Every structure is written in C-alpha cells, then in structure tokens.
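> Each chain, letter by letter, is given below.
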Amino acid sequence: MRSGKVSRPSLGGARVAWLLSLPALAIFVAVVIVPLAMTALLSFHDWGQYKGIEPVLILKNWREVLTDPYFREMFVRTFRIALLVTLITALLGAPEAYILNRMRSPWRGIFLLVILGPLLISVVARTLGWALLFGGSSGVVNRALMGLGLIKGPLPFMFTETGVVVALSHVLLPFLVLAVWAALQRVDVQVENAATSLGAGHLTVLRRIVLPQAMPGVLSGAIIVFALAASAFATPAIIGGRRLKVAATLAYDEFLNTLNWPLGAAVAVLLLLALVAVILGCNALIERRYAEAFR
Amino acid sequence: MRRNGPVAIAFHTLIVVFMLAPIVVVCLVAFTPEGYLSLPSSGFSLRWFRAIGRYPEFVGAFWTSIWLGALSSALALLLAVPAALAIARYRFRGREALAALFLSPLMIPHVVLGVAFLRFFTQIGLGGRFAGLLLAHLVIVFPFALRLTLASAAGMDRAMEQAAISLGASDWAVLRRITLPLIAPGIVSGWALAFIQSFDEVTMTVFVAAPGIETLPVRMFLYIQDNIDPLVTSVSASVIAVTVVALICLDRLYGLDRLLVGERQREP
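Chains A and B supply the protein sequences, listed in that same order.
Just so you know, we're using our numbering here: the first sequence kicks off at 1 and counts up by one.
Just so you know, we're using our numbering here: the second sequence kicks off at 296 and counts up by one.
None of these hints come from the bench; they were simulated from the model.
Note that this is a predicted model, so its numbers are computed, not measured.
The beta carbon of each residue, even a glycine, is placed where N, CA and C say it ideally should be.
Fair warning: there could be bad hints in the mix.
Which residues of chain B face chain A? A few of them, derived with a C-beta cut under 8 Å, are [what the hints assert, rightly or not]:
1. Ala316
2. Ile347
3. Ala375
4. Leu429
5. Phe502
6. Thr538
7. Val540
8. Leu551
Some chain B residues well away from chain A (every beta-carbon gap over 10 Å; in silico) [to be verified]:
9. Phe326
10. Gly338
11. Pro351
Derived, one-sided and incomplete: chain B residues facing chain A with beta-carbon distance under 10 Å [what the hints assert, rightly or not]:
12. Leu373
13. Ala411
14. Phe416
In isolation and in its complexed conformation, chain B is listed as follows (with noise of 0.2 Å):
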C-alpha cells in the first residue's frame, strides 16, 4: 500500500486540530482558576468541578439520564431482538417495510419527532412524566439497538442450532443456551451505542422533558442559552470524559468502525 505524501499528512492534521479544538478548549477552560470564562493560565484548578455538587439541578438531570438511558437502551434491546430474529431469518411479506419502519428514527428528524411527542404524551395525559420520556427514547435509541442486534444475528452460525435441535433440545433451551450466547457481543454493544445515543440526545428531548425531569444535555443546552460560564464548561467536560472512557471501551469490545458503520458483509 502506498504511504501518505506530505500534503496529505498537513490536511490530516488541520482536520483532527479542526475535530478536537473545540473539545478541548471546553476541557482547559474547565480547570480555570478564575471566576470567568479563560484559559487556565496560572494554575489548574478543580473549583468549577467541585462547583458542579453546589448545583443540584445538575446532579439531579444527570441521574435522570443514567436511568433514562440505562432503561430505554434495556427496553429497545428486549423488543429489538425478537424483532431482529425475525427479521434476519424469515422471508415474509412486509419484511422490508417493518425493517424501514423500525429504522425510520433515524430518518424522521428528531425535531419532528420532539414535536409530535409533545403533542402526543400530552394529550394522552404523560406530558412531564417520566414514562413519556422513556417511550420517546426507547423509540429513537431502537434502531441503534435493532442494527447491531441484527448484524449479529444475521452474521451467526445456523449449525449450531441445528446440531442442538437435532440433539433433541427444546426451542426454549436452542435460544437461551445457543442464539442469545451467539448474538451476546451485538447485544451488548447494541445497548451501549443506544446508552450513548440516549445520553446524548438533546433536539427531541428538550421538547419533552420538564422540569424535574430534565436530563443532562437539556439542562446545559437551556443553561447555555442563559449565559455561558466555567460551570458549564466544567460540566461538560465531566460529560466528555465519561463518553471518552464508554467510546474506548466499546472500540476494544467491538471495534468502532465496524460499531458505526455496521457490519460489513463477508465477501462469499
């Protein structure tokens, strides 16, 4: 394979300046000493982290996206894997259009959907519940769930389960003890992209959550749109850190590329 020339090693490098900037220039600004917004230039400090336990509103919104994610990424993947099976082994009518549907999140933008939730939780009386916010997530998180799932369900060895049917095991003990072994990497995997998409999610969400039910990206987005100071920096960093340490761990476990751009079909 040939290497990169010069002037493609000088693009690369303005692009990951370009990627990581932003990033982190939020992480520096955090550390500040001072009571303004700059870059530390005297010292790193930690009072805007200690900041953040003086400010219950966001301790509180980010429990409520722990749970939340936590919750609607365990939901999606218990509807998602059933669906993935029948979607990666039966040849039926409607097959595509139940796939297109399920994905169809990922299509419709989330602002659309934001609204349409609103509408919808309010007039079937879940407008600023909990339950509302969990069903508008486990919706948008699906499709993440389904795709993984699906890659690996897809991708599996049929053999094994015939060699266990015909060693007289019972449809419950073929799935329990062989398919969900299997598939096992897709679903955890598939739980943590939804995880993270859930935490992140900020467009639909903001129509939906209330407060006391704010989650974290809402809470900063409406604290940025009031003023702009270490505090947020600070919290955001915290943000960054954890999905840094989730988006590492996930690219051992499964390898990002193959995460984000699904599984690639093996060559015949």
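So here's chain A without its partners, still in its complex pose (with noise of 0.2 Å):
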C-alpha cells in the first residue's frame, strides 16, 4: 500500500497523524462515547412519576426489560421484522443487482440512479408514499392485487407488520443492491464467458459462477439491512401507528411521552446490544466460512 511510506521526512510521523485527528478525536469522545457512556449508566437509574430520576444504580429496568411480556413480544417483533425485511431485499436485490451489472452503457447509468437513488430521499417523504399506497381497504395497492386476482379481498396493510415489511424493504432494498453491486464490480466477467464456452448452461454459471463471487456482498448487505430494519423508527412509527411498537418507536414513546428515560434508555442500550452480537456473530460466521472456501 502507498499510505504505508512516509514520504515527508521533515513530518514527525505518529505525533503529526495524532495532531491532525486531534480536533475529530476530542468531538468524538466528547459528543461520541460521553453520552453512550451516560446512557449505559442511565439505565441503571431508578424514574417515578413525581419524583422523576433518581441517581442511584439498580437492575429495575433491566429486570423489567428483560423479564416483561410486553418488552419481550416488542423485541420478538422487532427482529422479526428486520429477519423478514432481510430476507425481502436480499431475495429482491441481488438479482437485480446482477441485471443491473449486465445493463449496456446509458441504461446502466439511469437505472442504478433510479434504484440508488431513493436511498438518499427522505425516508418520511417515501413512508408518507406507502402509506397513501395502502391508505385504507380501496388503497392503489389493494386495487392493484385484487386486480391481478392475487387476493379476493383487501389486505389490511396500514397498522400491520405486513405493511411496516413492506414499506421497510423498499427504504432498505438500495442498501443490499449496493453492496451486491460492489462485489459483483470485482468480478471478472471473462470468467462467466470461460464456464459458457466450456458448455455450462445459464443456470449453471448462475449457480456455480455468479452466486458464489456475489455471496460475500449479499451477505455484508443483508447485515447492514437487519441492522437498519431493526432500528428503523420513521417508517415503523408512520405505518405501524401507535400500537404496533418496535424497539425504536417504544424508546421514543419513553423518552418523550412517558418521560420515563431510564426505561427508555435501558431498551435502547439493550437494543445496540442485541444487535452487536448479531452483527458479530454474523461476521465471525461469515469469515469463518470464506476463509475456508478462498484458502
């Protein structure tokens, strides 16, 4: 690597590169890891509703959270949405990232914008599109699948986990085309070409070519997707309503509504927790794996 030299002999090397990130360091262990730090600790504080919070360390939220029917249903939801969410856009995403990275020149360009693209528009403005979509039983979606003769009567969306998965996999599904994108860059097309010269049908090199070389980038994209969809708040909080909590949608209602913070925080801590160690676990597995497969 060429960073690797250090080429300005009258720099003094490590001190320079400390001093450089200095500013950045000091914001980020100000703004950064001070209130991750304070969060932790407030979830060991104790909250009433007329003495509000109370400095001392104890296990009452953390009991509650984790021992509580309700906080447990939420959580199971949560992640139940974020596994379907994921499977969803990974199903949708990489082939579409394949056909994507098979379009000629000009299409190429205008449709990674138009599929990209909506990654960078408000997320309220697209949920706000979705729930005009499902609005109600003579919503556009409804009409359009009864239309088709896919379903005989409405479906209701609005409120529904079916219509948070739905919403969610439209928000999230640019992220996964994105990832399976960059692998598939890496791939070297005059491969697919060898394996067809050399008899293998379409399936074939799909299975045996394309899939294995795309895996690694659907597998680091539906990690960040989870993460996303079981984190998400807009969309659960527009389409979901007021009933229908997740993890993030209940850590607003208790900091904001309920005033409740050392509750809230203890959801919220327990909630970048849980996904930690599925986002380590997932890379533990997957490295494990290809290590083996590349070595």
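Make the complex out of the two chains shown on their own, each in a separate frame, by following the hints.
In structure tokens form, the structure reads like this:
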C-alpha cells in the first residue's frame, strides 16, 4: 500500500498523525463516547412519576426490559420484522444488482440512479408514499393486487406488520443492491464467458460462477439491512401507528411521552447490544466460511 | 457481455415500479385540486404548494434544515480533512481504532444516538439549542465526509507534492497549492453527501429537536403522526424535487456508484 510510506521527513510521523486527527477525536470523545456512557449509566437509574430520575444504581429497568412479556413481545416483533425485511431485500436486491450489472451503457447509469437514488430521498417522504398507496381497503396496492387476481379481498396494510415489512423493504432495498453491486464490480466477466464456452448452461453459470462471487456482497448487505431494519424508526412509527411498537418507537415513547428516561435508555442500550451481538456473530460466521472457501 | 433475458427484464421492471411507486404517488397527490387526499383526476393544481407558504412552521423548518445541513457538513469537513490525511498517509499505533471510531456513527443505530444526545445535551445545558443539534449532526455526517476525503487522499499522486517540496515550497504552500486542490473533488462531494445525510436525518433528530429548531423531516414526521393531508404531500414532493436535483448534480460531478460504494481499488 502506498500510504505505508512516510515520504515527508520534515513531519514527525505518528505525532503529526495524532495532531491532525486530534480535533475530530476530541469531538468524538465528547459527543459520542461520553453520551453513550451516560446513557448506559442512565439505564441503571430509578424513575418515578413524581420524583423524576433518581441517580441510583439499580437493576429495575433491566429486569423489566428482560422479563416483562410486553418488552419480550416487542423485541421479538422488532427482530421478526428485521429478519423478514432482510430476506425480502436479499431475494429482490441480489438478482436486481446482477441484472443492473449486465446492462449496457446508458441504461446502466440511469437505472442505477433510479434504484439507488431513493436512498438519499427522505425516509419520511418515502414512507408517506407507502401510507398513501396502502390507504385503507380502497388503497392502490389492494386494488392492484385484486385486479391481478392475487387476492380476493383487501388486505390490511396500514397499522400491520405486513405494511411495515413492505415499506421497510422498499426503504432498505438500495443498501442491498449497493453491496451486491460492489461485490460484482470485482468479478471478472471472462470467468462467466469461459464457463459458457466450456458448455455450462445459463443456470449452471449463475449457480456455480456468479452466486459464489456475489455471496459476500449479499451477506454484508444483509447485515446492514438487518441492523437498519431492527433500529428503524420513522417507517414503523408511520405505517405501524401507535399500537404496533418496535424497539425504536418504544424508546421514543419512553423518552418523549412517558418521560421514563431510564427505562427508555435500557431499551436503547439493549437494542444496541443485541445488534452488536448479531453483527459480530454473522461476521465471524462469514469470515470462517469464506476463509475456508478461498484459502 | 451477455444480455438480460426477458425474465430478467420483467423482474427488473417490477423492481423499478416497486422503487418508484411511493415516490411517484406522493408527487401526484401533491398536485391534487381537491381538499382531501386523492390522485388528481380533474386536472393539476398548485394550490397545495401555495398552501405551504401559509404554514410558517414548514418554512421555518426548511431553513433550519438548510442551515443545519450546510453548517454541520462544513464543520465535519473541517475536521475530516486533517483526519483523512492522517489516516491515509501515516501508519501509527491506533490508526485502525481511530478509523473505526470515526466511522462508528454508521454502525450505532440512530435511535441510540438520539437517546444519548438527548440525555447528554440536557445534562450540559444544550437541550433544545441549535448548538446541540449542530454537534449531533456534525457527528452523524462525519463518516460520509471522512470516507470521501479519505478516498481522494489515498488515491492522489504524491509525486506532485514531492516535486513542490524539492522546488522549495513550504509545508503550508504544498498543502494550499497542491494537496487541497488535488483532493478538492473528494471534499466537495463529501460536503454534498454530508449535507444530504443531514437534510434527510429524522430518527436521531426527532429526539434532539425542540419547537423552534425542528428540521423539515422532523416537522413532516410530527405532522404525519397527527394526520395525513395533501399539504404534507406537497411538502414531501418539494423535498423530493430538491433531492433529485442534488442527486443528478452529484451523479454528474462524482458518479453515484463511486459516491455510495466508495472509491474502487485500482488494479495494481
């Protein structure tokens, strides 16, 4: 790597590097690490309707979050939604990235913009779009599905998990396409051509050549989508409504409606810990699997 | 290269419809001449766009978002450029940890950051202040600013700097006349991407924002929580229009896939 060489003898190596990063480091320590530590501490404090937050160290909130069936149901729902969204985006996004990658010049750029562009459009605006499309039993989606003869009666989408899953899949699909796209950029097209010229059929090429090379992209994209889906806020809040709580909307409620900050902090910290565990676990699995496959 | 077959084209068409449908429907409903949510059937009307002007909270939130995005992105770049030069050019102990810390706002769920910022700012007396919002946005857009400056700093040709040094240029002159101009595309795109991230952020901001310093997405979110009417669709359509214009400029300027995927490693 080029950056390994220090080519300016007038600058003093590590000391200069730390000096250059010091302003950013100071901000990050003050505004990321300290607040996160304070939040972890907050989750052990006591709270009462009239006395407010009491700075003591107790396990009350953690016991409540870990044992109360209400919280268990909410966390199970959060991770069920995240898992479904991950599956759907993987099934739709991976083939789409492959198709995009095989397009010719003007179309490739245009459709890449169409598929990835929504990533940068406000989540609130996109979710509003789904709320309009779902819009009760006479919504566009239900009319289209019934018109195609896929369903007999209208399905409830608003205020249901189905609706949240559909809208979140739309919101997060670009992340998966992006990850697979990045993986496919590193693939040599000649390998596909070689397999074809050696007599492999279309499906064999897909299964034996393309899929194994795209898989790291699919998996890393899936981890990103899972993490974002499990911590999504605006989409479940708008489509799910006030009843269908997920971890993020529950934390919001505790902080800004009930004002039980310690309990909200416990929910947020537990979400963070659960996600870190899932992500590290998946990464370890993937690395082991691919270390074996490519060594 | 082989072409996509009819099945692939059909699949692709469905995905495109899926991706565009909610965006298109918002933009269509925004032009409704009716007083309720409906697709415009009897002609297009701008009445709901004109109505935005009568709701000062949306106009105010729009300007808060613009200022917040511009300032937090500029501050993020100010800190990210030296940090990127340090990470790109020096091998030192803790380099990986430093990079991981700087990219951590991408990994930490925004709801957790929102909770943490709310607690922190309330404790230190910045609760409900613009300064708090600014610090919070600075941190969450920092990874985007860093990534793009890092990519251009790592990819730039050091020979130019060495030539300048050998011709007797001072450190400051090299930085100002050679290094910064060379990484300028990364800085500009980094600022633009950071701005878009700040302009769109809602999950973290909803915790930190207070009446008077609500950003546009937060105002829209709170409005939708109460009721959905054509007004919020015309506001959304305006936001979509602004983003699409920014998006096309960025795509022309830098390339959308390069922007989002990051600089591709050049083959040795």
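> Hint by hint, note whether the structure agrees.
Hints and how they fare:
Taken as an interface hint, Ala316/B checks out: its beta carbon lies about 6 Å from the nearest beta carbon of chain A, inside 8 Å. The closest approach between the C-beta of Ile347/B and any C-beta of chain A is roughly 14 Å, which is over the 8 Å cut-off, so the hint fails. Taking 8 Å as the C-beta cut-off, the interface hint given for Ala375/B holds, the closest approach to chain A being about 7 Å. For Leu429/B, the interface hint is violated, since its Cβ never comes within 8 Å of a Cβ in chain A; the closest pair sits about 10 Å apart.
With a least beta-carbon distance of about 6 Å to chain A, the hint placing Phe502/B at the interface is held under the 8 Å criterion. The interface hint given for Thr538/B holds, since its Cβ lies 5 Å from the closest Cβ of chain A, which is under the 8 Å cut-off. With a least beta-carbon distance of about 11 Å to chain A, the hint placing Val540/B at the interface is violated under the 8 Å criterion. Checking Leu551/B against chain A by beta carbon gives a least distance of about 6 Å; that is within 8 Å, so the hint holds.
The beta carbon of Phe326/B is kept farther than 10 Å from every beta carbon of chain A, the shortest such distance being approximately 13 Å. Distance to chain A confirms Gly338/B as a non-interface residue, since its nearest Cβ pair spans about 19 Å, more than 10 Å. Pro351/B, annotated as away from the interface, keeps every beta carbon of chain A farther than 10 Å; the closest lies near 19 Å. At a threshold of 10 Å, the smallest CB-CB gap from Leu373/B to chain A is about 8 Å, leaving the interface hint in force.
The beta carbon of Ala411/B is positioned within 10 Å of a beta carbon in chain A (closest approach about 4 Å), and the interface hint is therefore held. Satisfaction of the interface hint for Phe416/B is found here, the shortest Cβ-Cβ separation to chain A being roughly 8 Å, below the 10 Å cut-off.
Consistency note: the structure conflicts with the earlier hints numbered 2, 4 and 7.
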